[in-house]
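Put together the whole structure using the sequences plus the hints.
Note that the sequence shown covers residues 1 to 77 in this note's numbering.
Treat each hint with caution, since some may be false.
The following label-pair restraints were derived from C-beta to C-beta distances [to be verified]: (1) Val53 with Ile8: 30 to 36 Å; (2) Gln49 with Met1: 43 to 49 Å; (3) Leu5 with Met54: 29 to 35 Å; (4) Val7 with Glu41: 48 to 54 Å; (5) Thr48 with Glu2: 42 to 48 Å; (6) Ala11 with Thr48: 31 to 37 Å; (7) Leu75 with Gln39: 47 to 53 Å; (8) Gln3 with Glu41: 53 to 59 Å; (9) Ile52 with Ala74: 28 to 34 Å; (10) Gly35 with Ala74: 41 to 47 Å; (11) Glu2 with Leu33: 42 to 48 Å; (12) Arg31 with Leu67: 25 to 31 Å; (13) Ala18 with Ile52: 17 to 23 Å; (14) Ile52 with Ala22: 15 to 21 Å.
Just so you know, these hints were derived from the structure itself, not from any lab. C-beta: ideal position from N, C-alpha, C; glycine also.
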Amino acid sequence: MEQALLVIAAALMMGLGAVGAAIGIGVLGGRFLEGAARQPELIPMLRTQFFIVMGLTDAVPMIAVGLGMYVLFALAG
Numbered sequence: 001m002e003q004a005l006l007v008i009a010a011a012l013m014m015g016l017g018a019v020g021a022a023i024g025i026g027v028l029g030g031r032f033l034e035g036a037a038r039q040p041e042l043i044p045m046l047r048t049q050f051f052i053v054m055g056l057t058d059a060v061p062m063i064a065v066g067l068g069m070y071v072l073f074a075l076a077g
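This is how it looks when you write it as structure tokens:
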């Protein structure tokens, strides 16, 4: 029973982390396009900030996948 709960916990960590990041990156991309359309002269600055925030947003599910793999193979195994 405990092993099944660890597998479910790992799946939730990886799955919900990916869904949250996908939603966040989608909103971020929409705001970037909105800002670029309003002020085209700020596109270089906006692009730099976009990629920095996108990398930080994408790091969260990567960490969750690492922790999920740890739970699956080290704790549940």
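**OP:** Check each numbered hint from earlier against the structure, then list the numbers of those it violates in ascending order.
**Re:** none
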